[in-house]
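**Student:** Keeping their order, the protein sequence lines are chains A and Z.
According to this note's numbering, the first sequence is numbered sequentially starting from 1.
According to this note's numbering, the second sequence is numbered sequentially starting from 1.
Warning: the hint list may mix true and false statements.
[What the hints assert, rightly or not] Some chain Z residues judged to face chain A by a derived CB distance under 10 angstroms, without partners named: (1) A20; (2) M141; (3) A145.
Quick caveat, the hints were computed from the structure, so don't treat them as lab data.
Quick caveat, the model's predicted, so the values are computed rather than measured.
We put the beta carbon where it would ideally sit given N, CA and C, even for glycine.
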Amino acid sequence: MLRKEQNDLLTQTGPGTPGGRLFRSYWVPALLAGELPENDCPPVRVKLLSERLIAFRDSNGRYGLMDEFCAHRGVSLWFARNEECGLRCPYHGWKYDHTGQCVEVPSEPEASGFAGKIKLKSYPLIEKGGVLWTYMGDPASQPPEPEWEFITVPAGHTYTSKRLQESNWLQAMEGGIDSSHVSFLHRGDLNSDPLFKGAKGNQYNLSDSRPVFEVVESPGGLYIGARRNAEEGKYYWRITQWVMPSFTMIAPRGNHSVHGHFWIPIDDDTCWTWSFDYHPIRELTAAELAAMRDGKGIHVKVEPGTYRPLANKDNDYLIDRAAQKAGRTFSGVEGIGMQDASLQESMGPVVDRTKENLVSTDNGIIMARHRLLKAVKALVDKGIAPPGVAGEHQRVRSAAIVLPPDQPFKDGAREAMIARPSVAHASV
Amino acid sequence: MTTAAALRFRIQEPNARARATSVIALDPASEPFVARLAEDRWNHATFLKWPEEVGAAGPGADEGWLTTFDGRQTRIREAVDSADQVIMVAAAGGRADAAALIGRACSDRRVTTTALIVGAADAADADISKTLAQLRPWSLMVVIASSDDYVRDMMTALRV
């Protein structure tokens, strides 16, 4: 349960809001690099943190991300011509460079210097690991570039997708750290999904549906350990990483790739769900990539030309009651990603947390909210940078590991939870 | 389809009754902490502590006794019987011997247990490990909190 003012504080991320200031402390994923595939390609509309923006790639390959609307009469620059190192508004020809600086106003004498007085709000946009990242905060506080392992491994080792989620970012993120739902909602997929099946850890999952949880604070967020019984009195641990504000990394299975999410607010009612899979020491196989593109694992199939899932709230997520009854899926919705999204969206755009009844196994969610609220307060009151900004907070891994019964997972998996180049992830 | 407009029609009646919760300090170092919690207003909470001298040697020592912060004694099984959930609080490095007695009583009666290790921010890993080893077998959920105000937030979130 959260009080209404706490719920508002965490779920509202527009300009000027405390929650918005928190998100504006980080580099956040804005677009897939493939959305701007070549110089002078068509611009792309982007809405992030309740700001309408336009992204483009100029004649020299520089990326720009700025206010979507022309400063003259408010025309959307999505209609602009991307030509000769700038976006030219088709209405009266005003032209902007990649920093948002107006460089041409054809109706005014060049010598007047009028163009130099016009500048659209803009944000840096950089490419790293096939993702275009932006920082929307105070330029004086811009942190170092992101260092997440999925964007620092060789290109052939990693795959990233994104999809529209029609709910606030927080309820989507909370699903990512709610380890106790896996034994129910996703139980039908562990032995059938090509990106999960075959791992020994699946048997521990399926033979012990009542895991015991431990929540431990990490420098950047939380470690959430789910413990199940293994052989000889040992414990099988699945350790999820949460790094503030909205990065989660799910424990891997066998030699499959390791995966996770970012949830980035579009506005207060919708968010982008970013999903990545990577393998630290090998290339993803053609079969794995095909499965990911086909919506397996944590990825989903989307409507062609958009990022809206094919199964969405307008078609009741293509629910299959026969599959539900037969136990092929627990909820009747196909695919792990949409199983999560369908339920999270069913809560409404922003769930009313004053009405919820949390239980002990929700401590991961309770602790995450606790840390987010504290971080917002420290940022707003004292200007303290929140956890998760520093590179060492980002160089983390989830882990699946078998440990002796008396060993804290934080100790036993200490090395496994740090990303190290060319070192395999700990997985069972 | 759930839209913001449709959400206006969500039923507003209360959907749960208060859960009775016993909050128990397991060692002397965690007592002041639980005593401070007891001063706040809660829906249905009882605050108790493990008095080592009574618990170990007093009447009914085989099943253990607890005391309230105003000095009344109660058997562990009575504290558990009257609770829907039990929250055990231990200081990092403290002796959490009582966890086994309380945990066994909870297990017998199917009462949910949550264990919190407080004072973890400045504690050595070895101290946390020692306390963790005592709590782990008897807890559905263990939380190691570096911030002591977490327990209050957690109890609020659980509507204690």
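**Student:** Of the hints stated earlier, which fail here?
**Tutor:** 1
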